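Given the structure of chain A, go ahead and fit chain B onto it with the hints provided.
Here's the letter readout for the chains.
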Amino acid sequence: MTEPSVPLSRLSRFLMPHSLFLGVVVGLVACSVAGRIASKKPTFKDVERFHALITPESLFYPTASQVKASVLSRLDPDKILVIVGGSSVFHGTGQKRDQLWTRKLQERLGPRYLVVNLAVRSGGPEEFGATVAEMLLADHPRLILVDDCQAGQFCAHPDGNHYRYFFWDAYWKGYLQPDPGRDARLQEAAPVRSEQRQECQRRMLLDSILFSEDLWNLLAYDKLMTLWTPLSRQAASQPRKRRGDPELGAAPLARRAFAGQLAAIRRVIDKPACIQPLPQVLAGRTLVVVRLFAPPALSRLPESVQATYQAKVSNTVARLEEMSIAALTVGGDFSAADYADGWHFSESGGARLAAAVSPRVQDLARRLGYLD
Amino acid sequence: MLAITRPSCPFHPALTPRMGKVIGQVEHFCWPGILTNTVSLMLFLTSWFVLFAGIIFPCYWLVRQALARKLLLLVFCLAFHTHFAGPAGVVPIIILGVATYFAGLSRKRPLCFVSICLCVASLVFYKYTKFLCLQVLGLLAGSAGAAALEQIQPWMPLAPPLAISFFVFEFVHYLYDVSQGKEPIRSPLDFGLFAVFWPSIVAGPVKRYDQFLPALQQGVERVGKHNIAFGLVLVAVGLVKKFAADNLTAYVGWSEKVFDQLDPGERWLVVLAIGLRILWDFSGYSDMAIGFALMFGIRLPINFNWPYLAASIVDFWHRWHISLSTWIRDYIYIPLGGSRHGLLRKVGNGLFAFAICGLWHGAGWNFLGWGLYHGIGLAICSSYRQLGGGIGQKLARVFGHPVVARPATLLFVFVGWLFFFYPIPVAGHMLRLLVSAW
Numbered sequence: 000m001t002e003p004s005v006p007l008s009r010l011s012r013f014l015m016p017h018s019l020f021l022g023v024v025v026g027l028v029a030c031s032v033a034g035r036i037a038s039k040k041p042t043f044k045d046v047e048r049f050h051a052l053i054t055p056e057s058l059f060y061p062t063a064s065q066v067k068a069s070v071l072s073r074l075d076p077d078k079i080l081v082i083v084g085g086s087s088v089f090h091g092t093g094q095k096r097d098q099l100w101t102r103k104l105q106e107r108l109g110p111r112y113l114v115v116n117l118a119v120r121s122g123g124p125e126e127f128g129a130t131v132a133e134m135l136l137a138d139h140p141r142l143i144l145v146d147d148c149q150a151g152q153f154c155a156h157p158d159g160n161h162y163r164y165f166f167w168d169a170y171w172k173g174y175l176q177p178d179p180g181r182d183a184r185l186q187e188a189a190p191v192r193s194e195q196r197q198e199c200q201r202r203m204l205l206d207s208i209l210f211s212e213d214l215w216n217l218l219a220y221d222k223l224m225t226l227w228t229p230l231s232r233q234a235a236s237q238p239r240k241r242r243g244d245p246e247l248g249a250a251p252l253a254r255r256a257f258a259g260q261l262a263a264i265r266r267v268i269d270k271p272a273c274i275q276p277l278p279q280v281l282a283g284r285t286l287v288v289v290r291l292f293a294p295p296a297l298s299r300l301p302e303s304v305q306a307t308y309q310a311k312v313s314n315t316v317a318r319l320e321e322m323s324i325a326a327l328t329v330g331g332d333f334s335a336a337d338y339a340d341g342w343h344f345s346e347s348g349g350a351r352l353a354a355a356v357s358p359r360v361q362d363l364a365r366r367l368g369y370l371d
Numbered sequence: 000m001l002a003i004t005r006p007s008c009p010f011h012p013a014l015t016p017r018m019g020k021v022i023g024q025v026e027h028f029c030w031p032g033i034l035t036n037t038v039s040l041m042l043f044l045t046s047w048f049v050l051f052a053g054i055i056f057p058c059y060w061l062v063r064q065a066l067a068r069k070l071l072l073l074v075f076c077l078a079f080h081t082h083f084a085g086p087a088g089v090v091p092i093i094i095l096g097v098a099t100y101f102a103g104l105s106r107k108r109p110l111c112f113v114s115i116c117l118c119v120a121s122l123v124f125y126k127y128t129k130f131l132c133l134q135v136l137g138l139l140a141g142s143a144g145a146a147a148l149e150q151i152q153p154w155m156p157l158a159p160p161l162a163i164s165f166f167v168f169e170f171v172h173y174l175y176d177v178s179q180g181k182e183p184i185r186s187p188l189d190f191g192l193f194a195v196f197w198p199s200i201v202a203g204p205v206k207r208y209d210q211f212l213p214a215l216q217q218g219v220e221r222v223g224k225h226n227i228a229f230g231l232v233l234v235a236v237g238l239v240k241k242f243a244a245d246n247l248t249a250y251v252g253w254s255e256k257v258f259d260q261l262d263p264g265e266r267w268l269v270v271l272a273i274g275l276r277i278l279w280d281f282s283g284y285s286d287m288a289i290g291f292a293l294m295f296g297i298r299l300p301i302n303f304n305w306p307y308l309a310a311s312i313v314d315f316w317h318r319w320h321i322s323l324s325t326w327i328r329d330y331i332y333i334p335l336g337g338s339r340h341g342l343l344r345k346v347g348n349g350l351f352a353f354a355i356c357g358l359w360h361g362a363g364w365n366f367l368g369w370g371l372y373h374g375i376g377l378a379i380c381s382s383y384r385q386l387g388g389g390i391g392q393k394l395a396r397v398f399g400h401p402v403v404a405r406p407a408t409l410l411f412v413f414v415g416w417l418f419f420f421y422p423i424p425v426a427g428h429m430l431r432l433l434v435s436a437w
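Residue numbers (numbering that gives the first Met the number 0), protein chains in the order written: chain A, 0 to 371; chain B, 0 to 437.
In isolation and in its complexed conformation, chain A is listed as follows (with noise of 0.2 Å):
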């Protein structure tokens, strides 16, 4: 009939149960402690922007201590600390990594201002670069944070979307400073979330205590990555420190698809507005750029159209600046050589971009008294 289960005689020889468990909770613990000493150090310190090899993108989670440690390892006590956060136009998609908005912009602030791009792809203003200058705040406090964000969206989920983990491995590990009103957001949404987010939460929660991410981290950072994933797969087991920045850069100016992407326009100018606050402790450090889609492909929609978004666009300045945060738009004016695509900018957008922002984080330092 049905084969029997395998006899434990034969392998109560090996086993010996009381070792077993011992060494199941030893290893457990050892693992932990390791994760602890792995969360401290500045795994990250020589990354230039948070590339898809290391994002959730390809299965590579930082954790919200090694992002912090690394921050820190690189940070002058005297000067101007700039955390640039925000979604993939702000981590400079359409430009490699020699043509990065973000150098541009330390070229034009100096040696006085340090600039970290903390921007991720798919990542919200108070996401990831968000999470970490609130984290660094209390270590340093002259900090500024320059977000990005699309008219009419701004913070519309407390604890985030695709980087919700990285607000609760903060969240968990203590790393950020009180906020009631983000806490009132967030026990108002805890009935409608989603298992998936509970889970995340807690999930998080349980991590905080065992470090297990950290520990994983360093090992697929510095050793070996043990996970497939069709963005790694040349080489798919090679430790992600070896792996390089794999942003190509923007197509030619012919090839680039303006036209193509006027579907997916349409759909964020129809979406009703939601505009939330920051933290209370960023607000008033936080410059907002809301960045306007390129003019070759908004100048393809109906003149209405192109007005409701306009319409958008100033409300949210408007209220931005009630919230006091500093806000500006940028890409207005550019042409079609300064986007790589309907919303990213390539490398002279960057450059542009970059030199609208300068001189208001520098206005926003002298207004904060950072530059006394």
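A couple of the hints might just be wrong.
If you want a taste of the chain B side facing chain A, the calculated C-beta under 10 Å gives, among others [said to hold, decoys possible]:
| id | residue |
| --- | --- |
| 1 | Leu44 |
| 2 | Tyr175 |
| 3 | Asn226 |
| 4 | Phe229 |
| 5 | Leu247 |
Read the hints as simulated data drawn from the structure, not as lab findings.
As the structure is a computational prediction, the values presented were derived from the model and not from experiment.
For every residue, glycine included, the Cβ atom is placed at its ideal position computed from N, Cα and C.
The following block gives chain B in isolation, referenced to the frame of chain A:
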């Protein structure tokens, strides 16, 4: 612990069920068998389950009395099923379980038969209605199939109840055995545990009550630390297999989209990955189920016994998903007459049994095709020696040698997986690409 703390990735396809879409020549499908096991892994990687396991195991070990252990186990099994299946998902198993229990107690053949029909009808309703309407009726009577589905669909849940394929098979086996004169389960507690035993309910092994009850009794009377230790080792092994399988899923998922553009070596690598993936996925889950059960002191039968070392197709089915293959043998093939009525009937019975086996895995023509593929292979394998005369004997000498037999069997099985995972035309296309390089 990494398994527990790894957050779900919104980008990673392997962790999200994928719906079918055509990309080039190769359709990219949501694999029902794989989905079941992906779901089962996800169940075990939720914080709810961690809490559940953290409570149930210590409570079970600390409670010494057998009856109390059984009660505790039943409560937790019901909690497990209710949590993951949802209240609506629990209703079918309760209704069918009650019907099966009382029918079994009565020991009346007509009642047992009616209960078997009820169980099978439920399975067909929940799992095969769409296939029967759109694919079968649609083929025979055009738009009547879609019209029929439109009438029935409001009555159907979005997805079949969790584990329906498994508990229906267990109920059918129980009712059949009782109707043949075996002793029924009198204790509702024992029956309840047989019906909803959480380690095996989601994805097997398919239990036999005459083996499970003594194992259950043994477990609740005494749980040795060797059981717990070995169970823990099995769970760990299962988890490693599942994660290895998950990696292969990502590789296969990407490769199938560009299958036409790969070179021949890479295509065969994809086939190898498909074969390893399904083995590690299924056997990994079975290891975890057996391991968790063992931690209660309850020994479940092994389900996979190095199937890719099989020396023939017959041998393969003695090693692969053993609980299912023996069920098919005992409750479909043998009742139909088995091999007792001549070669033709034997082949027919075998084909029918394997057709059912294929369809059990999923409601689709490709599953039926895969089942028949194995049925034909089995029929040839078990009869070519006699039918082939002198040539048959010579072939038997060649294919009987392990150096030939094992690779040949492996090749047969791995090619079969293409029919399991892809629509028949696509599998055929992939096969042509695989052999055209030679």
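Hints versus structure:
With a least beta-carbon distance of about 9 Å to chain A, the hint placing leucine 44(B) at the interface is held under the 10 Å criterion. Among the interface hints, the one on tyrosine 175(B) is violated; its C-beta lies about 14 Å from the nearest C-beta in chain A, farther than the 10 Å criterion. Look at asparagine 226(B): its Cβ gets to within about 7 Å of chain A, closer than 10 Å, so that hint holds up. Checking phenylalanine 229(B) against chain A: minimum C-beta separation of about 6 Å stays under 10 Å; hint holds.
Taken as an interface hint, leucine 247(B) checks out: its beta carbon lies about 8 Å from the nearest beta carbon of chain A, inside 10 Å.
Consistency with the previously given hints fails for number 2 only.
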